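Engineer: The chain contents come next:
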Amino acid sequence: MTGVTTREMTYAAATNEAVHLEMARDEDVVLFGQSVAGSPDDPFLKAFGADRVRVTPISETAEIGMAAGAALAGKRPVVDCTMAEFLLVSMDQVVNEANRFHYMSGGRVTAPLVLKAGYGFTAGWAGQHTGSIYGMFMGVPGLKVALPSTPADAKGLMASAIRDDNPVLFLHHYLLLLEQGPVPEGEHLVPFGSADVKRPGSDVTVVATGWTVHRALAAAERLAADGVDVEVIDPRTIAPLDTATILTSVEKTGRLVLVDQATRHSSVATVIAGEVAEHGFSALRAPIVQVTALDASIAYAKPMEDYVLPDEDKIVAAVRGVA
Amino acid sequence: MNADQARSVLRTMWRIRAFEERVGRLKRSDEVHGLIHLSIGGEGVAAAVCGQLRDNDVVYSGHRAHGHVLAKGAPMPETMAELMGREGGLCRGMGGSMHLVDVAHGMLGATGVVGGTVPAALGSALAARMRGEDTVSVVFFGDGAVQAGTFAESVNLAALWRLPVVLVCENNGFAEFSPRSAHTPVERVSDLVAPWGIPAATVDGNDAVAVWEEFGRLLAGVRAGEGPALLEALTHRLRGHYEGDPDRYRVAVAAEEWQERDPVLRLERTGLERGWFDADEAKAVREAAHAEVEDAVAWARESPWPTPELASSLVYGS
Ligand SMILES: Cc1ncc(C[n+]2csc(CCOP(=O)(O)OP(=O)(O)O)c2C)c(N)n1
Ligand SMILES: [Mg+2]
Numbered sequence: 001m002t003g004v005t006t007r008e009m010t011y012a013a014a015t016n017e018a019v020h021l022e023m024a025r026d027e028d029v030v031l032f033g034q035s036v037a038g039s040p041d042d043p044f045l046k047a048f049g050a051d052r053v054r055v056t057p058i059s060e061t062a063e064i065g066m067a068a069g070a071a072l073a074g075k076r077p078v079v080d081c082t083m084a085e086f087l088l089v090s091m092d093q094v095v096n097e098a099n100r101f102h103y104m105s106g107g108r109v110t111a112p113l114v115l116k117a118g119y120g121f122t123a124g125w126a127g128q129h130t131g132s133i134y135g136m137f138m139g140v141p142g143l144k145v146a147l148p149s150t151p152a153d154a155k156g157l158m159a160s161a162i163r164d165d166n167p168v169l170f171l172h173h174y175l176l177l178l179e180q181g182p183v184p185e186g187e188h189l190v191p192f193g194s195a196d197v198k199r200p201g202s203d204v205t206v207v208a209t210g211w212t213v214h215r216a217l218a219a220a221e222r223l224a225a226d227g228v229d230v231e232v233i234d235p236r237t238i239a240p241l242d243t244a245t246i247l248t249s250v251e252k253t254g255r256l257v258l259v260d261q262a263t264r265h266s267s268v269a270t271v272i273a274g275e276v277a278e279h280g281f282s283a284l285r286a287p288i289v290q291v292t293a294l295d296a297s298i299a300y301a302k303p304m305e306d307y308v309l310p311d312e313d314k315i316v317a318a319v320r321g322v323a
Numbered sequence: 324m325n326a327d328q329a330r331s332v333l334r335t336m337w338r339i340r341a342f343e344e345r346v347g348r349l350k351r352s353d354e355v356h357g358l359i360h361l362s363i364g365g366e367g368v369a370a371a372v373c374g375q376l377r378d379n380d381v382v383y384s385g386h387r388a389h390g391h392v393l394a395k396g397a398p399m400p401e402t403m404a405e406l407m408g409r410e411g412g413l414c415r416g417m418g419g420s421m422h423l424v425d426v427a428h429g430m431l432g433a434t435g436v437v438g439g440t441v442p443a444a445l446g447s448a449l450a451a452r453m454r455g456e457d458t459v460s461v462v463f464f465g466d467g468a469v470q471a472g473t474f475a476e477s478v479n480l481a482a483l484w485r486l487p488v489v490l491v492c493e494n495n496g497f498a499e500f501s502p503r504s505a506h507t508p509v510e511r512v513s514d515l516v517a518p519w520g521i522p523a524a525t526v527d528g529n530d531a532v533a534v535w536e537e538f539g540r541l542l543a544g545v546r547a548g549e550g551p552a553l554l555e556a557l558t559h560r561l562r563g564h565y566e567g568d569p570d571r572y573r574v575a576v577a578a579e580e581w582q583e584r585d586p587v588l589r590l591e592r593t594g595l596e597r598g599w600f601d602a603d604e605a606k607a608v609r610e611a612a613h614a615e616v617e618d619a620v621a622w623a624r625e626s627p628w629p630t631p632e633l634a635s636s637l638v639y640g641s
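So the sequences go chain by chain: F and Y.
For the first sequence, my numbering puts the final residue at 323, and the numbers step up evenly by one.
For the second sequence, my numbering puts the final residue at 641, and the numbers step up evenly by one.
Since the hints were made in silico from the structure, they are not lab data.
In this text, all values refer to a predicted model and were calculated from it rather than measured experimentally.
Incorrect hints may have been included.
[What the hints assert, rightly or not] Chain F regions said to be covered by chain Y (calculated; three or more residues, Cβ under 8 angstroms): (1) 33 to 43; (2) 125 to 131; (3) 297 to 308.
[What the hints assert, rightly or not] Simulated crosslink set (SDA-like; lysine to any residue; CA at most 20 angstroms straight-line): (4) F/Lys314 x F/Ala286; (5) F/Lys302 x Y/Glu632; (6) F/Lys302 x Y/Gly567; (7) F/Lys314 x F/Asp226; (8) F/Lys302 x Y/Thr630; (9) F/Lys46 x F/Ala62; (10) F/Lys302 x Y/Ala505; (11) F/Lys46 x Y/Ala505; (12) F/Lys252 x F/Pro303; (13) F/Lys302 x Y/Arg624.
Even for Gly, the Cβ is constructed at its ideal location relative to N, Cα and C.
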């Protein structure tokens, strides 16, 4: 990032910085959540006060539905939902209320709302707390979905999410929260629907999201030693999905490996595979390969968790299979 | 409560205490992994409630379930093995701390989603009623779950259909890092159900004898077909919300005060005063519990990891 001053910070801190900057910039931005304002010296509470930083009870339906109503009335709520799975309690509000207000009103109203939630906590958190469930939200009209993989993207996507006039599901990856990286100072916006080439390469295109971006980059380093040059692309938002960048890459490489922590049949990988099969067929020189989680819940036992999930070895093997 | 009952409840409480203290240590050494919530300080509720249930009465729980599971009769080695992710565990290592099930003893489910099992308890109660049985269903949940939609919906339906279910709220005054006052203006959970005609009581959850008496009274009505009841037990969560929680959002109870309130020590004192057991007996119960935990850990360590075939074969039931 030439010409931009950056600072090393964690993914979690970068996300918070974006919320903080947007709250300072626009007083309509408010923060709700069950574990916000955990202490009197909470930085959000200190800076913006208890009127704008509100602790909510364990009442997801009311919490999210209320945020949507506040959004209709001109606020820009950021709801910290803790875990993506807790959103499921309030599914109607997320996929059949907030997301439809704009469309069904003929464009008369908007619901600018950010639902921030973590996913993918594959560290023994077992069946109900480890899922990568964005597939359930990806095809929902009116709802945007961001999946940052780096601290800089986390900051930039959060800022864009807050300024967006639609409900946005901002999903941060639990295993990345403490990862450090350079983050641009001050205002930093990452546009939605704009994939990022995290590593240029010429032999095989690998598309990955969230935590798997880092597994793909590590796999690419190993493959480089064998003379296989991998391009790694991170879509960054999966709704909207930037298929153009992926298709351009496939034009060049002719080979596509899709990596996704989600269950196979509810993954971004499967959606991308369909788009590329339809629009990039003539460029393909090998079948598209998907490295996803199994279509199973994540088990508690550590060896089972490893077995079900994609990892570096599985990515390397998949790339070797097509290269 | 009579002497036999008191000895049995004390034994259960020590078994839970010893088990959970050991689990805390195993979590720190990573032999138990993932998200662990301990119920240390709340043993009196689990022991006095489950101690009055039959094997075929059904129990459901939430994320803080170890005590309920042991009190309902689950074998300790299999429970420990589950927390250690082993094939020999109650759920073959697939569920872990928040999802313990032991069908043989009527422990039908625990959830990591707050409020998630409250309606399920109604369903088991309905099924029992439809079969003409006098078994009851009990669901344990925290004060935080009372603000979840499932609670309100379930209270209404249970009352409407007069289902044999006891709602047991363990009110420790906190939901994660927030005091109850940050979540609701209603202090007493037992005040919430009057319009539905549901009998309800609040007891000191640190007093196992009081829990025993109050739950017994409500249980008798529910078993007799009088419809649902609610028991609120006021407890103290001695540990953080989860193991590893820095717990900086509340003032710790002073050690001397805890000695007074600790439900296990309190039942010991009451039992000695009333002559239900003597000091040697109490000591033997405590020591046996600790020995049982060490045996359970040793057994669990010998149990193999679940095998990969389970990952796909368990996805569907048929
Ligand atoms: C639907 C849902 N929302 C949020 C959470 C996160 N969470 C886990 S435990 C907990 C607090 C529960 O408090 P309470 O019911 O009082 O039980 P306690 O932990 O005090 O035993 C919360 C908010 C969750 N597991 N499920
Ligand atoms: Mg509580």
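Engineer: F/Lys46 and Y/Ala505: Cα distance at most 20 angstroms?
Structural biologist: Answer holds: F/Lys46 to Y/Ala505 is near 17 angstroms, not above 20 angstroms.
Engineer: Hint check: F/Lys302 vs Y/Ala505, CA-CA at most 20 angstroms. Holds or violated?
Structural biologist: violated, 37 angstroms
Engineer: Taking beta carbons only, do three or more residues of the segment 297 to 308 of chain F come closer than 8 angstroms to chain Y?
Structural biologist: holds (count 9)
Engineer: Is the hinted pair F/Lys46 and F/Ala62 satisfied, with a Cα-Cα distance of at most 20 angstroms?
Structural biologist: Roughly 26 angstroms separates the two Cα atoms, so the pair is violated.
Engineer: Starting from F/Lys302, check that the Cα of Y/Arg624 is at most 20 angstroms away, please.
Structural biologist: holds, 14 angstroms
Engineer: Between F/Lys302 and Y/Thr630, does the CA-CA distance stay at or below 20 angstroms?
Structural biologist: Holds, because 11 angstroms separates the two Cα atoms, which is no more than 20 angstroms.
Engineer: Are 3 or more residues of the segment 125 to 131 of chain F near chain Y, judged by a Cβ distance of less than 8 angstroms?
Structural biologist: holds (count 5)
Engineer: Please verify whether F/Lys302 and Y/Gly567 have alpha carbons no more than 20 angstroms apart.
Structural biologist: holds, 19 angstroms
Engineer: Given the proposed pairing of F/Lys314 with F/Asp226, does the C-alpha separation stay at or below 20 angstroms?
Structural biologist: holds, 16 angstroms
Engineer: Has the segment 33 to 43 of chain F got at least three residues whose CB is nearer than 8 angstroms to a CB belonging to chain Y?
Structural biologist: holds (count 4)
Engineer: Would you mind confirming whether the straight-line C-alpha gap from F/Lys302 to Y/Glu632 stays at or under 20 angstroms?
Structural biologist: Cα-Cα ~15 angstroms, so holds.
Engineer: Quickly compare the C-alpha distance for F/Lys314 and F/Ala286 to 20 angstroms and report which way the hint goes.
Structural biologist: Given that 20 angstroms is the threshold and the Cα spacing comes to 18 angstroms, the pair holds.
Violation of the numbered hints given earlier is confined to hints 9, 10, 12; the remaining hints are satisfied by the structure.
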